[in-house]
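K.L.:
Since the structure of chain B is already known, use the hints to place chains W, H and F on it.
The chain contents come next:
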Amino acid sequence: MITDFIVQGTQMLLVLLLAPLLTGFIRKVKARLLRHRGASVLQPYRDLARLMRKEVVLAENASWLFRITPYLIFAATWVATALIPTFATGLLYSSTADLIAIVALLGSARFFLALAGMDIGTSFGGIGSSREVLIASLAEPAMLLVVFTLALTAGSTQLSTIATFMASPEVGLRVSLGMALGALIIVAIAENARIPVDNPATHLELTMVHEAMVLEYSGRHLAMIEFAASLKLLLYTSLIACIFVPWGLAVAGAGPAAYVVGTITYIAKLATAGVLLAFFETATAKMRVFRVPDFLGASLMLGLLGTLLLFVSRSL
Amino acid sequence: MSRLVIDIAHMLAGSLVLISFMMLYQDRLFALINIFALHAVVLTLSVTWQAYIQHAPHLYVTAAIALVFKAIIIPVALHRIIQRLGIHRDIETAVGIGLTMLAGMALVALSIVLMLRVTSDADPIAREDLAFALSVILLGLLVMVTRRNAVSQVIGFMSLENGLVLAATGAKGMPLVVEISVAFSILIAFIVVGVFLFRIRERFDTVDVAALDEYRGERQ
Amino acid sequence: MTQTMVILMSGIVGFLAVAALAIALGRSGAATRIVYGASSGISLVLLAVVVARIVNGSPAISFMTLPLGLPWIGAHFRLDALATFFLIVVNLGGAGASLYGLGYGQHETAPHRVLPFYPAFLAGMNLVVLADDAFTFLLSWEFMSLMSWALVMTHHREQNNRRAGYVYLVMASFGTLALLLAFGLLSGADGHYSFEAIRAGVHAPPVAAFVLALMLLGAGSKAGIVPLHVWLPLAHPAAPSHVSALMSGVMTKVAVYGFIRVIFDLLGDPAWWASVIVLLLGGTTAVLGVLYALMQHDLKRLLAYHTVENIGIIFIGLGLALAFNANGMSVAAALALTAALFHVLNHSLFKSLLFFGAGAVLSATGERDMDKLGGLIHRMPYTSFAFLVGCVAISALPPLNGFVSEWLTFQAVLQSPELPQWSLKIIVPAVGGLLALSAALAAACFVKAFGITFLGRPRTPAAQHAQDVDPFSLAAMFTFAALCFAAGVLPGFVIDGLSPVTLSLLAERMPVQANAAWLSIVPIAESRSSYSGLLVFVFIALAASLAAYFIHRFASRALRRGPAWGCGFAEATPMAQYTAGSFAQPIRHVFATLIFCAREEVDMPAPGETRPARFIAYLRDTIWDGLYAPVAVAVSYVADRLNVLQFLTIRRYLSLVFLALVTLLLVLTIWS
Amino acid sequence: MNFLPFDPVAAVLIVPVGGAALLALVPGYRASARLNIVISLTTFLSAVSLFVVDRPVPGTYMLVDDLNIVFIVLNTFVGFTTSIFSGSYIAHELETGRLTTTNLRFYHAMYQIMMFGMNLAFVSGNIGLMWVAVELATLTTVVMVGMYRTHEALEAAWKYFILGSVGIAFALFGTILVYMAARPVLGEGQDAMVWTNLIAKASAFDPALLNVAFVFLLLGYGTKVGLAPLHAWLPDAHAEGPTPISAVLSGLLLNVALYAVLRFKMLLAANPDAITPGPLMVTMGLVSLIFAAFMLYRRRDIKRLFAYSSIEHMGIIVFAFGMGGALANFAGLLHMVMHSLTKSAIFYAVGHIAQAKGTQKIADIRGLTVTHPALGWGLVIGVVAIAGMPPFGVFMSEFLVVTSTFARQPVLAILLVFGLLVAFGALLLRVTDLAFGEPQGNTARAEASYVPMYVHFALVLIAGIYLPPPLVAWFQHVAGLLG
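Residue numbers (the working numbering), protein chains in the order written: chain B, 1 to 316; chain W, 1 to 220; chain H, 1 to 672; chain F, 1 to 483.
Think of the hints as simulated: they come from the structure by calculation, not from any bench.
Any given hint could be a false lead.
To give an idea of the chain H side of the interface with chain W (calculated C-beta under 7 Å), a few residues [to be verified]: (1) Leu654; (2) Ser655; (3) Phe658; (4) Leu665; (5) Thr669.
Being a predicted model, the structure only gives us computed values, none of them experimental.
For glycine and all other residues, C-beta sits at the position ideal for the given N, C-alpha and C.
With the rest of the complex left out, here is chain B (with noise of 0.2 Å):
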């Protein structure tokens, strides 16, 4: 129990350590295949200790929404996270919040973060948040698909049990996995408003989503927001780990010495995720907005394919 506690604690303190370095660790390999030196890697931290130092400007008629929305996407994030096996699995609380309850803490955190763009009532918000939702309206519906097909095969919702179901050696090899797999990345693309869907390092107005609707905010507030920002990219890297790279995995109640090959390997996966990712956008370029739709439905379709090629592996 108390060993679960702890094992539980930590991995909530975990993701809170890594998020920033994850990003971090991204922006300095896409600075370094860019050819520049970039940023340290604890550049981040940095930033996140500025911002929160810095007193809040708060536009005349920001509401009271306004000034919590930033802890409450914070806090959902955080839980979210702290719900994933990152080095262990069957945590203590993972009984709270299954697979999908999981996405849906991501879609309150977005639904409040849309509402605070709203807030101020400047257009950029308004274009930020609009095009926010119209993401998610694609992006969650192809996160769920990928949740059945996943949960249909595991037969289970749970992450710790898809977790352990597929470390097993039962899986094999299947179509429908490879194809959740595929639409699973480019949802994450698209929800942690990455190239091409969205670039986190632009300003430029017409172009951007996420940061339009985050322009109000200053000092501690913006931190949080960053901080949450980068607490969901971990999120879904360690999502695609724990599911589809479920090798390393500590069980619950394995001693110590598991733990700590669960850590390390986790952290591994996270390099690999990184430097992956930093290459495709490196690699890629910024798409207008109304081709997102398409990028999405495509993930949408994978989706569904993988779902219903489920039933035919099966029969097979």
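P.N.:
Just chains W, H and F now, kept in the frame of chain B:
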């Protein structure tokens, strides 16, 4: 009951039908009226005959009414009306005479088929009578339907009613026959007077039914 | 007949008495307070009675027969588990709406057109749920429609409201006639109208098929299944807001009740393919409903359309239940049915709440058009908070109740692999996808609804000078908000409360939730899936407050108000803010181009021209144009053709008679 | 035990006749209007006494049984309420000068004669007598339809007269045929025309003859029922005559004719070999229903609108009897009663509305519930009731017809439902215009007698929820006889 009796009844009833046919192909009002008078006379005869063979004295009353009222009063009245109202004398028909005749044939055939097949066990007179009565009724209706002007329609109706009387008298021992014929005479009187009244009240310029239909709700 | 029944019946009689009283009181000022006070009182009593039944877990079914209705049958009433649950829904909504009405009713311009019908409407809904024979059922059903129609006609001087009332009542009686036919089939030629008799009877497959179709037409048209939904977005907004709340939140549920009662209870077990129809209808309804809603800029109409979406979700649940039940998977069936019923309860809660909010906005600003509102969160903090809760709940976001029922539905969808039929194997996940899509779109829809109405800067003086509403309305809203929260955080109790229903209809129930760890809910087994609204809430609350605490404690807490940054663009006029239309533009571009033939027309003046640039967006309601307009055209065509017969000459009429006679004689000749 | 000093049946007939004579003499419309009410009330009371005294033995001419007892009482009741309504209606007509006092003498006398005719038709136990009575009633109404002497009125009366006369002729021929059929069995003379004998011996009659007879009777009396395509007289007669007459026409005369048809249907039902009249009646009923339903859409005149709705309902009733069977027949009988109560009430409302607004054009009447709440809501209630909405009585009958039909003849039921829906659409459309919206036209208060209207509605409402057992028993018995 001797064969002769039946034949006479048969003959009279049949001639009624024949006269109805004559009405069908009349195209002049006065001629039509005269023929109707003839119709009434024949009816009188047949009713009288029925009264005689059924030993039903009250039928003589009916016969009398038919004679006086239909054969004399009404035709005269109609003549008057036509002159008074200056209705032009020839009847514009809605359907061509020939077609009307054919329709008449069909109707007679229909009624005979229907009736003969019906009362196979009833006594022959009644049967024949019914058959002819039905055809007279249908022919009368046909006249009403195919003629455009009110007078000829009235005549059509009256011949129809003659058919009824024929049937009623043919129905042996039927009560109320006299009352009914009286009632009908009154009805017809109403109609005729109605035609007349409209004229007097300056309501309608002609008694062509089409003219009545000018005044119709919802034509605003 | 038991004491409970007596109380319920006297309550209903009480409603009718209040209606009579309202007529007597006429336009007197006190009328509003008296009527709504009495109504809420009675509803609360009825609510207490039925809730007590659930709490005591008394499974006994109470009957009552009155010497009314059809003479040789009498009026039967029956209170079983299903009825109990729906009575809770009805009277909860009734009590809330009446409470709200106490305040909102004061703004009513024509109270004498509302007060007599309002309690009668409540009585009608209660009667439908209690009725236990076909005649009583339909009588109450149609009475309910009639009373709500009268309420829709309250503001009859507006052409649109009259049209709404017309379309509504015609659709309603269409539905009733369909139900008539359905019951005609069920009760047979010699009229076994009592539900016992119908239950006892065996219904051949074709009969069952017809009944299902007719029920989908009858109950579906009242619930608002696409394409029978057209009356709903017209009628619901036209009524006074608390009535809209009742119509959207409760009356549609009564329709769902009718469907469940007939299909699950009276008809026995329909064949599996029945579920296919229900599922597909549910899926389409859900998605189309929310898309319609997204296109609206009238707040109440948006809510009304959104009701269509939720009905779709409920019917998806019912369809799943049918599918599993037909294949003997009663556990899964119980799960699906529970999900559907849970959503019934949820929707009645948050839809009423949202309509209350819309009504508050309406009475504070006199506006229903979102494009004329904005920034209300500053002027009406309480209303906007309650409305926000409603939005979060209806968007199916944890930890509120909307999420729980949709989560359960998803869990039911995930049972599909065990289904033997291939078509179901394929369709169920696809429908699950539709469900997910509609959920996501719903979130978008309510970001828009709340954002445009309450956030940003006020677009009109009306919005600028709005004041928060009276305590009664607020009380009603906050009660329902609290209920949404409770149902979301402690779903286990609701599920256990629903178990008698599933037991009575499917002879199966979901596992007992009350003693699950951390009050989490476990549909099948914890290893498969589980969710704990309580923990999620606690964690979020903790995390948020921790973060806030640490930052304020150890980092800065300084704050300065300044003009909005907006990339340096000074915001010109509030009207330049994003409007409902512009917010929905991307989604319209993606989805509606196909479904609503949406077109956009940009008219940009050449440089130097002084005329303003124009942007016009065209939308067509394809369903109306494709389905209803033709009917209207056809009817008026036939009417015109036949109308000639009013203007014939006497001779022609005579010829008609003549022809009739000859035909009949001919028929006779040929016949014999 | 017959403790009454008088014979109710005789009273029902004699009172109106005497009244007519009296009214013909009384000058001054106030007195005569009051007298009219008193006479009608007396007739009604003596009819009610039929409930308490034991029924007279069926004689050669008179007959009181389960079928007609209800209709006699209903008839006299509506006659009574209408006389009240007519009182206030006539007053207004005099003010506007559409009628003169001399007209009124005639009017009141005729009114009572008409009541006499209808009562006679109901109590007569003899097909000949019934024929005479129905025709008497018809002719009197013809005269009253022409009362206003406008072009339209005279034209309507003329049309009614001609078509009615043809109907009379048919009915008579049918009657003769029935007599012919009965004579071989029952011997010559009156006996062969008495209901009780006819029914008793019907099985021995020549079926083929009965068939032909029924065709003529159906068309003859059907003309007065207003079944399409024999309906042509009905809308204009309703629209152009004084409204009390419209009320009586729709409420009572149609019932009288229908009653006659029912009697003869019983006759056929009692003869095993005769054709089942069902199909004929079902067809005519459906045709009338659907035809009238569509006609409702293009009506511009408020009284003509409800006249067509009467055709529609006659269609429903005839359909119900055509379907036959315990439920449908019961429904038909119930529907007859409900329709005559509701429709006459509607005409009361319409009469006052037309007077208050000074027009019968639907287009000129708007927002009645605002300007004349009592009348406006009365109209709404009436339409709701006649459209078969609960909790009114028509709903029960329509419920029974539709449900019992669908189980036996799905297609017919669907046609029926289609007709009902179309008709409902039209009526609702009109009443929405009439009763709601921005008020239009004259908004002066109408001095009207609301009592009769709302009494009728109250009765219909009660009947929709609770039917008194004896009524049910009688109807069920008759339903059995109707086969």
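K.L.:
Which of the listed hints are broken here?
P.N.:
none
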